[in-house]
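Protein chains: 2
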Amino acid sequence: MSKTDFLNLCRQVTGADQVITDTDSLQTYESEWRQRIRGKALAAIRPGSTDEVAQIVRLCQQFRVPLVPQGGNTGLVYGSIPDHQGNAVVLSLKRMQTIRELDIDNETITAEAGCLLAQVQQAAADAGKLYPLSLASEGSCTIGGNLSTNAGGTAVLRYGNARELCLGLEVVTANGDIWHGLKGLRKDNTGYDLKNLYIGAEGTLGIITAATLKLFPAPRASCTVLAALATPDAALHLLNAAKNYLGPTLTGFELISDFCLQLVLRHFPQLRHPFRQTAPYYVLLEIASHESQEHAAGFLLDLLEKESDQNQLQDAVVAESRRQAQTLWNLRENISMAQAAEGKNIKHDIAVPVSSIPAFIAETNALLHRHFSGCRIVCFGHMGDGNLHYNISAPEHTSGEIFLKQQALINRIVHDQVHRFNGSISAEHGLGTLKKEEIRRYKSAIELNLMETIKAALDPHNLMNPGKVL
Amino acid sequence: MSKTDFLNLCRQVTGADQVITDTDSLQTYESEWRQRIRGKALAAIRPGSTDEVAQIVRLCQQFRVPLVPQGGNTGLVYGSIPDHQGNAVVLSLKRMQTIRELDIDNETITAEAGCLLAQVQQAAADAGKLYPLSLASEGSCTIGGNLSTNAGGTAVLRYGNARELCLGLEVVTANGDIWHGLKGLRKDNTGYDLKNLYIGAEGTLGIITAATLKLFPAPRASCTVLAALATPDAALHLLNAAKNYLGPTLTGFELISDFCLQLVLRHFPQLRHPFRQTAPYYVLLEIASHESQEHAAGFLLDLLEKESDQNQLQDAVVAESRRQAQTLWNLRENISMAQAAEGKNIKHDIAVPVSSIPAFIAETNALLHRHFSGCRIVCFGHMGDGNLHYNISAPEHTSGEIFLKQQALINRIVHDQVHRFNGSISAEHGLGTLKKEEIRRYKSAIELNLMETIKAALDPHNLMNPGKVL
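Just so you know, the sequences run in chain order A and B.
For the first sequence, UniProt numbering begins at 1 and goes up steadily by one.
For the second sequence, UniProt numbering begins at 1 and goes up steadily by one.
Keep in mind that the hints were calculated from the coordinates and are not lab data.
Don't take every hint at face value.
Each pair may be met inside one copy or between any two copies, as identical chains are not told apart.
[To be verified] In silico DMTMM-like pairs for lysine to aspartate or glutamate, Cα to Cα no more than 25 Å straight-line: (1) Lys443 / Asp103; (2) Lys443 / Asp459; (3) Lys443 / Asp51; (4) Lys443 / Glu363; (5) Lys183 / Glu363; (6) Lys306 / Glu320; (7) Lys94 / Asp177; (8) Lys306 / Asp103; (9) Lys183 / Asp233; (10) Lys40 / Asp24; (11) Lys306 / Glu294; (12) Lys183 / Glu164.
Isolated chain A, as found in the complex (with noise of 0.2 Å):
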């Protein structure tokens, strides 16, 4: 039987139209977003249903076509792309679009792979309810892609990440088969958690076609603030304190460093530099409370003025309103985007444990400072979870494009720095293709042999997103 065969059973399944072979058409699920790479698809099929998902499935196994399910295809590891064979196809989720159940009253939200992130976001809040994964990618990334690579994003301090707000599963198996493990418990004893098997296994083991989310109450009110300080070790004081003080409030912290600051204040010239004093490093503190916006503002005052009584805090910006905590947010978010206009540059997404954020910033700092004097260091993200966008940018007058030969000797320093402080590699990014070499560096013989086993043992013909995570 020959391909023709094979992509003629598939259009029996999902219906001429969904499946896709010219060229021109397959552009936009063989390319990473940013135009980085572009793979080979022998087609791109957009299933209805589960069980038309299922049905492709069987067929990829019976005739051993390859398959990489692609969800808002947002991710940046080159995760939902497939390679250059051409034998592939790309089983696209994003027709997969229903709000199965809302139950108010159990907190939870059943939504079908395809869903937006910003859709689940939107049918919670109509309920009074929060879906607090947030992500910039939220209005075009997928559910399915969020819980396949357990994204995280800025709530993770409070909520978890996808994982932890996931409470059930529907996957089509390997083999073809459905799982319906779409439960709406907090509490189930009965058996191994193949939940959290598929979440984060970046499509290699099955295909995740529905999930059954946690939502909380929403908060009443939020305040933000914007602090200066001194050092990482005086963010990392001001985090304990928060913690301590301010309990489960405090839903976010993330540390900016002042060449962050000042990149964007660079390319963003409608921002203004929120303090006359510039300090070597800011925190983006934000609480939010079922009470009041008084009760949140006053909390976090009384904070604010225990710490600078012990020197730790150089200044400090409260919000007075949505659109000051959306300004002070705009420094944070726009750091990416800064950093992309001052030209190419080399990233990291690293976790370490969060007491040893302080000596990682400092030791690494200096290594690298070492080893190519006068690189730029661009040093943000979510301190509060330990995770580090540890960005470097070519010296001033140095062209982007040569500094990036420095590509492997950075990351093996940056990298081995990571895991000298039993870190992460690869904090909410996933390991796709692009890391999964790398990786191999790190993680025990054992860990990788029980993965490989396991992948294994559930897909016996590496059929299923082959290539990526192992």
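With the hints as your guide, set chain B onto chain A.
Chain B alone, transformed into the frame defined by chain A:
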């Protein structure tokens, strides 16, 4: 090579006095703690380190000796004792009691598997932090057992199960390799979630030897109230109001039927009825505040006032002191002992979606009363998690022994109802041997097959706690 050779090699690993073979000394290792059943072991082995555990596991593989890991042996489903064949060793982790690291700035503690839960709670408290897992058996259960069974308890509503409280594991695999996964990271997306596969696997995939656990800021104050309500519907209404109004300060929400309270008052005559008039149901509600006792009490009283306006709340007692709070909790915590004093009974540890609790209780009560006239339903539990201990006592003046003959029929009715509501027949206790046949009625062949595939891949000779879970 013989069993004698095997035991002699084990003695070389642990020292001769840590390999126990005489019948008397074996009793505690072979017996369920309530003395309900006793198995037979070839020996009990007490390794003192992870390396010794690994060596023993390798010897077990070499000689094909089955192995039953055991912590505090406080489980309720016969998961930590051997069967009757006498060819398995009990591997006790109780000598591994070291707290390896307490990282206050990272809010983590790394404890060996044999540490008692109470020991970890205390170490956290001494550092001004909270390890929130809280169980009736906390003075004798171990961290390894808590994780292997994914223990629940009374703080799940706010902090999650044992699973959610664990950041990293050290595991001796079925091969006798040591997986060093003791990371204290909030974000790490570098491959399959091995940690959650070993958690809740009841020792059937490998042996947890140490864990890195999450700590939390200790709240400053708490406040407890007992509310009297007409129906489970009113309790659900109160739960929703409490979640929305109190947000994350809500830490406990326990349902108690009037019959439970009657049993406690009958068998603990020193305890007094908290209300002048009885009500069909009571809710024990607890909040924690990071601000002050006044804040906690005021916030809770506001909620009660709002709710009493809505006629959902018949009456309420607010604890004015820690001692009064403990008195209210005693009413809840003595239910199991009161029920035991009343005679033999049939227990169920079930979960359904929180929203289904009222319908589940109404329908299942009616079914049981129809089939077993006069049976007395002891319905209580962690309503905030959808988890009920839904136990059945014999009708008044009927012998418990005779009533127990109906156990299979009653289990069938209750568990079929749980299944109908898309629930779980083991919310917190696990499967062990007690429920491993029962679960086959409710799990799909696809899910069982996935579990069996994983078991066969990771433990091909079926030596890790064989006969449990699957």
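Those earlier numbered hints the structure runs against, lowest number first
none
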